[in-house]
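If you read the sequences in order, they're chains A and B.
Note that the first sequence covers residues 1 to 307 in this note's numbering.
Note that the second sequence covers residues 1 to 289 in this note's numbering.
Simulated from the structure, these hints should not be mistaken for lab results.
Using N, Cα and C, we set each Cβ at its ideal position, and we do this for glycine too.
Among the clues, some could well be false.
Covered by chain A, per the in silico footprint, the following chain B stretches (three or more residues, Cβ under 8 Å) [stated by the list, open to error]:
1. 28 to 34
2. 77 to 90
3. 150 to 162
4. 172 to 181
5. 229 to 240
6. 244 to 258
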Amino acid sequence: MATYLVRRLLMALTVIAGISVVTFAMIYFLPTDPARMYAGPNASVEAVARIRHQMGLDQPLWVQYGRYVERVLQGDLGYSYKLQMPVTQAILSRLPYTLELIFAAIFVELALGVPLGVLAALRKNTWVDGLSTLAALVGVSSPPFWLGLLFLYVFAFKLGWFPLGGAGGLSHLILPALTAGLGGVGWYARMARSSTLNVLDADYVRTARAKGLPGWIVVVRHVVRNALNPIVTMAGQDIPWFVGGVVVVEMVFGWPGIGRMAVEAILMDDVPLIMGTVTFTAVLVVLSSILVDVVQALLDPRIRLNA
Amino acid sequence: MTTQWRTAWRRFARNRFALAGGAIALLLVVVAVLAPVLAPHDPAEQFADGLTAQGLPVPSTLPHSTKFILGTDQLGRDLLSRIIWGARVSMTVGVLANAIAVGTGLAVGAVAGYVGGRTGDVLMRITDIVMAFPTLLLAVALVAILKPSIWVIIFVIGAVYWTWIARVVYGEVRVLREAEFVQAARSLGASTLTILWRHILPHLIPTAIVWGSLGIATNVMLEATLSYLGIGVQPPTPSWGGMIQQGQNFYRTAPWLIIYPGLAIMLTVLSFNLLGDGLRDALDPRQKR
């Protein structure tokens with residue numbers, strides 16, 4: 001286990017180092033001048049030059065990269081021109097909203113996708129199976145921003161069941177979570193279908209049937225419980241995916257998460273905020289995928305022994 | 001080889017979902033190519049009778065007249081014509097970005113998988129690094145640097161999407177390089193490039209076809225998303241995502257501004273997904289769901 005963990009961490013470190021090079025290069029090659037952005041449009045040429053010197057922008061490339069890494073390692077992702085606060089602080093204040101939405105979306109995927117998939121497997125090759133496959137594909141193929149706007153129109157505007165946007169209690173969360181989760185319902189349904197089909201053939205299911213247990217008990221106690229393993233793994237892998245995936249949903253519903261902050265930063269040309277968010281989310285993705293791998297290795301000895 | 005393709009076609013033709021997907025995809029390509037002929041109006045023309053007395057979009061004029069079949073948009077332009085022209089943008093971005101992604105993915109995956117060793121490690125680690133960035137945020141950051149235009153969008157989508165293909169191809173080539181026919185070629189003194197080109201590449205064609213189709217679905221969605229966020233294809237060029245973005249302030253009074261462009265995106269993505277799934281089942285029955 002220790003060897004596996006060390007190897008996984010080393011790999012993650014190289015990836016994180018690579019991320020720092022990529023983000024640094026992107027900041028460096030940006031056409032906007034950070035010193036000018038910081039000084040404001042009315043500052044004199046001398047003032048901008050002084051700020052450029054203070055920010056170390058007249059130093060050689062590798063010195064600038066070294067300083068960048070040093071700052072990032074200390075948790076300093078720069079200063080947002082527009083929000084007038086450190087980028088790290090801005091991200092941390094929005095992160096809970098994004099995480100709340102991600103977990104709610106995964107809940108939607110599981111709550112709708114798993115029953116749909118199990119049902120499709122139990123009624124294999126009937127119209128139920130075909131319909132659930134098609135429903136799954138339509139969900140995957142619908143642009144989330146479109147679904148979100150349609151939900152807003154029908155459930156918030158026409159029926160008035162939910163608020164028109166923003167964050168707050170459960171009523172604010174339901175529509176964004178449905179929008180973010182519906183796309184994934186299809187994948188979970190397919191996964192649940194194929195893993196249920198695998199389990200249905202297993203000896204212990206036949207035994208359970210043979211000893212006369214009622215059908216639904218066999219399904220709940222023996223089939224679904226065992227079919228869930230790969231689905232739990234999938235839910236874990238979904239967390240990093242969603243970090244980028246909920247951006248659009250946050251935009252549609254005016255949800256105050258980091259994705260919406262990043263897009264607004266772009267529209268306002270706030271470079272440190274854009275790059276800070278991109279760096280932060282990339283590192284978050286790497287760390288959460290390690291966490292998923294480690295949990296998997298703990299649960300399934302085959303993974304750590306083969307690695 | 002020919003019998004193989006014929007079997008694949010027979011398997012594909014039996015799959016009703018795949019056939020439907022292929023037919024719709026083909027139709028969309030035709031619409032994109034023939035947009036100038038098919039569109040009833042100039043997509044940029046602002047009609048005097050295209051807005052109501054209150055200055056709002058006009059709903060579908062059917063059944064009384066066929067002038068605005070799907071209604072007009074917030075500037076009094078014909079929505080149907082704009083959706084038809086929007087197919088051009090979506091298809092251009094989808095197909096060209098995918099050519100970049102599939103080409104890069106094939107090259108990186110095949111070289112990394114065949115050469116292996118240090119080179120392979122470095123290439124796959126680069127792939128990991130690009131994959132670590134959330135696709136949409138990376139695309140958003142790149143577009144911010146390069147300033148949005150249709151060519152930048154094509155390049156950016158190609159640049160973020162090749163990693164998945166590289167991963168798949170890498171895995172396949174790792175297996176192929178141990179195959180007897182590859183070892184035979186190597187022992188006959190064939191160069192690495194010859195082996196990759198003559199002996200390995202032909203085996204990757206099914207993968208390239210499947211990802212070629214699934215990739216178009218993904219790319220069309222990504223382009224629509226970027227355009228919806230206002231950092232994709234810029235107005236006045238009609239793009240489906242951009243149409244929804246510009247129409248969303250009117251969704252309460254003119255929901256058709258959202259509904260129809262969204263349906264177009266969904267239909268496109270769905271058709272290429274169905275086609276890609278069908279192709280995978282037909283070309284590689286081992287992976288059948």
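The hints, checked one at a time:
1. 28 to 34: violated (count 0)
2. 77 to 90: Per the Cβ count (0), the hint is violated.
3. 150 to 162: violated (count 0)
4. 172 to 181: violated (count 0)
5. 229 to 240: holds (count 3)
6. 244 to 258: As far as the segment 244 to 258 of chain B goes, the hint holds, because 6 residues have Cβ atoms under 8 Å from chain A.
Hint compliance for this structure: hints 1, 2, 3, 4 are not met, and every other hint is.
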